[in-house]
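Enquirer: First to last, the protein sequences are chains A and B.
Each residue of the first sequence is one higher than the one before, counting from 0 in numbering that gives the first Met the number 0.
Each residue of the second sequence is one higher than the one before, counting from 0 in numbering that gives the first Met the number 0.
Keep in mind the hints are simulated off the structure, nothing from the lab.
Even glycine gets a Cβ: it sits at the ideal position worked out from N, Cα and C.
Be careful, since some hints might not be right.
Unchecked claim - Where chain B lies over chain A, by a calculated footprint (3+ residues, C-beta under 8 Å): (1) 81-89; (2) 139-145.
As the list claims (entries may be wrong) - According to the in silico footprint, chain A covers these stretches of chain B (three or more CB under 8 Å from chain A): (3) 8-18; (4) 30-44; (5) 236-242; (6) 265-278; (7) 281-293.
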Amino acid sequence: MSQLIKHRGVVEDDWTLLRDAVSLADVPASGSVLVPVALWLSARDALIARGDVGLWLHPGDDPAIIAGDLAQLLVVAVDFPQFTDGRGYSTARLLRDRYGFKGELRAIGDVLRDQLYYLQQVGFDAFAIRVDRGAEGALKGLDDFAGTYAPTVPEPRPRFRRRIEGPGDVWFPGA
Amino acid sequence: MYRYDSFDGAIVAQRVSQFRDQTRRFLAGELTEDEFRPLRLQNGLYIQKYAPMLRVAAPYGLLSSRQLRTLAHIGRKYDRGYGHFTTRQNIQFNWPQLADVPDILAELAEVEMHAIQTSGNCIRNVTSDHFAGVAGDELIDPRPYAELIRQWSTFHPEFAYLPRKFKIAVSAATDDRAATLVHDIGIQAVRDAGGDTGFRVLAGGGLGRTPIIGHVIREFLPRAEVLNYLDAILRVYNRFGRRDNKHKARIKILVKELTPEVFTREVEAEWARLEGGPGTVPDAEIERIAAFFVPPRYERLPGDDASFRAAVADNRAFSNWVKRNVFPHKVPGYAAVTLSLKKTGVPPGDATSDQMDAVADLADAYTFGEVRVSHEQNLIFADVRQSALLALWGELKDLGFATPNIGLLTNIVCCPGGDFCSLANAKSIPIAEAIQRRFDDLDYLHDIGELDLNISGCMNACGHHHVGHIGILGVDKNGAEWYQVSIGGTQGSAAALGKVIGPSFAANEMPDVIARLIDVYIERRHNDERFIDTVQRLGVEAFKERVYVSTH
Ligand code: SF4
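Next up, chain A with everything else stripped away, as it sits in the complex (with noise of 0.2 Å):
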């Protein structure tokens, strides 16, 4: 199981990845459950009957899909297969700016400390770090930068903005 980061800590992780189950027969019957956006779309219903359940992305599925269910889901998990395939940032700045979704957005997959900034600046909360990285080393990726320029989840007004209306744009190391 991975480790979760949350809350600026490493936390139990009591949901349960799903990635194959493509029937509800797949899906335990109790317990908190991560299950993939398929399944989801086919048997809505019968999963928000049975409560505490999420989904997770593929990075290349449009958030458009479940704009409207966002409201029935406790975590949407998107999916990381490389760290280096940015699609996922762009799909949570959606579920978060465009779609408004509030709950937990949890990056799974090649999850590692050195994008963990950035991630976090695109409105992901929730990092399960890949299994075989230490959770503990990986939290000080969240405070690589004392901040962006553009425009971010946790910080929609620009630098510019910070700028002209202040105060904020005076950090000071260790801080």
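Keeping the supplied structure of chain A fixed, place chain B with the ligand upon it in accordance with the hints.
Expert: Below, chain B with the ligand without anything else, positioned relative to chain A:
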């Protein structure tokens, strides 16, 4: 030029710490080669044929004399005493040690420099007009916008892992000196019917394996929307650009496969959701940045300098240099000077650390302490008093930077090629040198007139061979190095791609091949025709016949 505020400086310093830690973890075996590669590339570090190569950003080509001295120092301390200026207005060091790179980056950060996003599949260093702010044909100064885009693209969290590299160029002049037509995105300042300044946006241009001229996807973009529109283009590309084949992963392939119309529709739909949003740029921010680019304290001069005119009249060598290497300035009595890094026998674009130091001193003495890198791999002093040109010429001659060949055949744009680059099919530097030697007669060279010759060692086209009036491309034939020649390419506002004239040549044939092309031109040119005009009038055939008649 732009100066960092506390935030700009802080994140560059944090980048150094981040990369220092990444390098440490890589050397300790905590990061695999595959995991480290994209991280080092986003810090400009390639592993080349013989050693790592570090590409340092000169944002849109601007360097202060202080920064140039730091580059000289880095060349001396960590490299073999020289650097190579590139066609994207950057500088490369060919021999640093991997373990030294964090220290190099730390030294750069002290003078507000970095190697952030100078390679890798991300938004690269933005390029612009090397005569920005001094050219008479510019609508606005492009530098504040280039800087705005530099900041926006730096650590843009959504676009750090694109399908492929991504290059943006900004031009604000009638004569496009930034090659906006052959960039992933080209931005051109334009004025609408109401007199408002905004931008024409092109997308999907590029050289490389599949050279394509960019498509205009928006004729007029309000200037406040520039970042929103860039976000829209990049998002469409990040989501839909191909990732299955690296040779088809550039945005130009996406634009082509979708068609420019459909691509434009996608971008416009995305922009519609972003328009007027938080990324809209307030005039106050442009004014803040523009304040760094206010004209320097020019002397009030009456106009053309008399002593300068007299020197031009009675010193032929000086007048040749003025004709080729001096560019008019919009302020009376001033001129812009190109330092030619294309002296025969020196790899095009190379400068030693001693030369860089000397150039920095000259920049302080003769201009306002600023140097620019042009995409033709030369250096530029943008603001020199005409009355000082003769003295400056003398100094530059001593340095080897006064070859009067800007715009001429020997001002060869040339990538590092097989001598350094691990992707190369063939060497490019020795070909450049052999051609320069063949055309060493200055009178003949000047008689041939304007001619852009570009050489790339492989189809990645770093030497921009497609847009050379004569383009040379290194190809591999059963493990041997051969050269394919094209003619008729042009850069600038009417950019066009050259046509291949036929089967490729061995290295030792190349000077003759070029000489034959020139012979045809000399024999058949009309009065004031440049080489490119004659090629366009006659077509490729006339040249081809001559070249192949006796070599094959
Ligand atoms: S064109 Fe090819 S050989 Fe030349 S620098 Fe680029 S990648 Fe290397």
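Enquirer: If a hint holds in the structure, say so; if it does not, say that too.
Expert: Here is what the structure says about each hint:
A stretch counts as covered by a chain when three or more of its residues have a beta carbon under 8 Å from one of that chain; for the region 81-89 of chain A and chain B the count is 7, and the coverage holds. Note: the region 139-145 of chain A has 3 residues with beta-carbon separation from chain B under 8 Å; the three-residue rule is met and the coverage holds. Look at the region 8-18 of chain B against chain A: 6 of its residues bring a Cβ nearer than 8 Å to a Cβ of that chain, three or more, so the hint holds. Given a C-beta distance limit of less than 8 Å, the hint that chain A covers the region 30-44 of chain B holds, as 4 residues qualify and 3 suffice.
For a cut-off of 8 Å, the count of residues in the region 236-242 of chain B with a CB near a CB of chain A stands at 3, and the three-residue condition holds. Residues of the region 265-278 of chain B lying with their CB closer than 8 Å to a CB of chain A number 4, which satisfies the three-residue condition for coverage. Taking a C-beta to C-beta cut-off of 8 Å, the region 281-293 of chain B contributes 4 residues in contact with chain A, enough for the three needed, and the coverage statement holds.
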